[in-house]
Amino acid sequence: MLEILSTGGVNCVQDLGRTGYLDVGVGRSGAMDRPALEAANGLLGNDANAAGLEISLFPFRLRFAADAAFALTGADCPASLDGRPLPGWWAKRAKAGDVLKLDLPRDGVRAYLAFAGGIDVPPVLGSRATDLKSGFGGLDGRGLKRGDRLSLCEPAVRICLPDGGIGFDPTELRGGLPPAGGLVRLRILPSAEFALFTAEARQRFFATEWTVTNDANRMGYRLAGPELALSRPLELFSHGIVPGTVQVPPSGQPIIQLAEANTCGGYPKIANVVEADLWKLAQAPVGARLRFEEVSLEAAVTAIARERAALADMKALAALARRDT
Amino acid sequence: MTSKNDNPQISTEGAGALLLDAAEATFSAAVQERVWAVAAAMRSLEGVQQTVPGMNNLMVVFDPLAAAPETMRQALASCWRQTVPGATGGREFEIPVRYGGMEGEDLEVLARHADLTVQEVVALHTGASYSVAAVGAMPGFVYLSGLDPRLAMPRRAVPRMRVGIGSVIIGGSQAGIMPVTAPSGWHIIGRTDVVLFDAFREPPAAFRPGDHIRFRAEQVP
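Chains A and B supply the protein sequences, listed in that same order.
Sequential numbering of the first sequence, starting at 1, is according to the working numbering.
Sequential numbering of the second sequence, starting at 1001, is according to the working numbering.
Read the hints as simulated data drawn from the structure, not as lab findings.
Heads up, some of the hints might be wrong.
Output of the computed footprint for chain A on chain B, the stretches with three or more beta carbons under 8 angstroms from beta carbons of chain A [to be verified]:
#1 1043 to 1053
#2 1057 to 1064
#3 1074 to 1082
#4 1127 to 1140
#5 1197 to 1205
Even glycine gets a Cβ: it sits at the ideal position worked out from N, Cα and C.
If we strip away everything but chain A, and leave its shape as in the complex, we get (with noise of 0.2 angstroms):
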């Protein structure tokens, strides 16, 4: 059992979303930043879909009712288990009674925490994800409170961590370091109406540094740049879009839908950022500044396929620096 002691109302549970329920308008939803939610799960050696927080609004803090192996993963945030600072990308066991705190991050926007077991919330249409949108999934359809108690489901396996916990080095994960200078470098293949943007349009779309405005949040984020207009005006029918589906309204200005786009959209697709770079977006901030770059489809796969085997590694590596019984 958790009990929640400080946190703002956008901190949720999530997991890798839910499938299946598209063509009734229900949204994927989950974790913003799905691999390090995954690598966090890893860490436990918990399934990858189980349940765990999302944390983007800060300080907050938690108190363990009981003996509980919990990962902390994602943002760069200083972090505190029973006031000893604890490193990211690391798991440990708490003993009942500690309270782990964590604070704004140095790097990125959005915190991980798993727990052994998962977060036993009742699976909503397949899944334990807070769709915040749609008000259902995770604690009641919505984000944590001050004083709300989550338990925990019993670990399939019983994992045995050393005192000091075990660590993960994500570089390989993340596909090397952060690039300096903060500028987030995203992987786009064209979408539908890509070619019916003017030359001007598609070149600017490329060249801007654009910017990550106030309107950002788990539904998608606007960015701020030149305009972006269509060669003549455009009329589409409603289609349906996902994560990653970057669209330009009549203001010119892009939309990035993420994990709880709406299941279907009706503005021009200039480009959408592949699936493996939408991590990136999870941990950019307002004012964040971001560049597109085209690839091809065979790149796209590849680099997904990258990210599967960087996270099979690492649970493999953890398995073997736990003793599990």
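Since chain A is already given, all that's left is putting chain B on it; use the hints.
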């Protein structure tokens, strides 16, 4: 000359989704029947995770590590050519509506726009048979085709921030029903108590693509 619905555009939405667009200038019921049939056929393919019928278009979501995108594109193109729309298995529903007044505050505006009486608008709205072309945008929202063209009206320039659950609405040439309270620029002509979406029910959405809906006037001003 081949039309777009014989030779639809297929584009990517990332590595793991394809969008087939067979839409021409106006919505086609025949194309939509093909969309439903192709969606059903694609779901049985290795690697396909979800299909999302839109309005005369179809998105297919798949695992690009299980099925290469180019293979999936070819499979989708050939499925579109070969699939013969059959019986859609659509169900028939009747939805009781209280028209006008407080629950349909745009009914009179829409009647004036259409140069009809309120009673004539209700007669045309209840007289038509609608098809659930697609479900999406928000949980359980139905895009209905089959609206009498005389009732078409452009969406409001400024959307309302709150359109109540159960609102029976018209936007452009489409009809719809609000499954939840949410912002919308569509015109509200009435209200129903039918529950369109309940996450704790299986299936969660009351209607699925291919279903047929008629509205029945429970109350007319």
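Hints versus structure:
no., hint, verdict
1, 1043 to 1053, "holds (count 5)"
2, 1057 to 1064, "holds (count 5)"
3, 1074 to 1082, "violated (count 0)"
4, 1127 to 1140, "holds (count 7)"
5, 1197 to 1205, "holds (count 6)"
Going down the numbered hints, you'll see the structure goes against just number 3.
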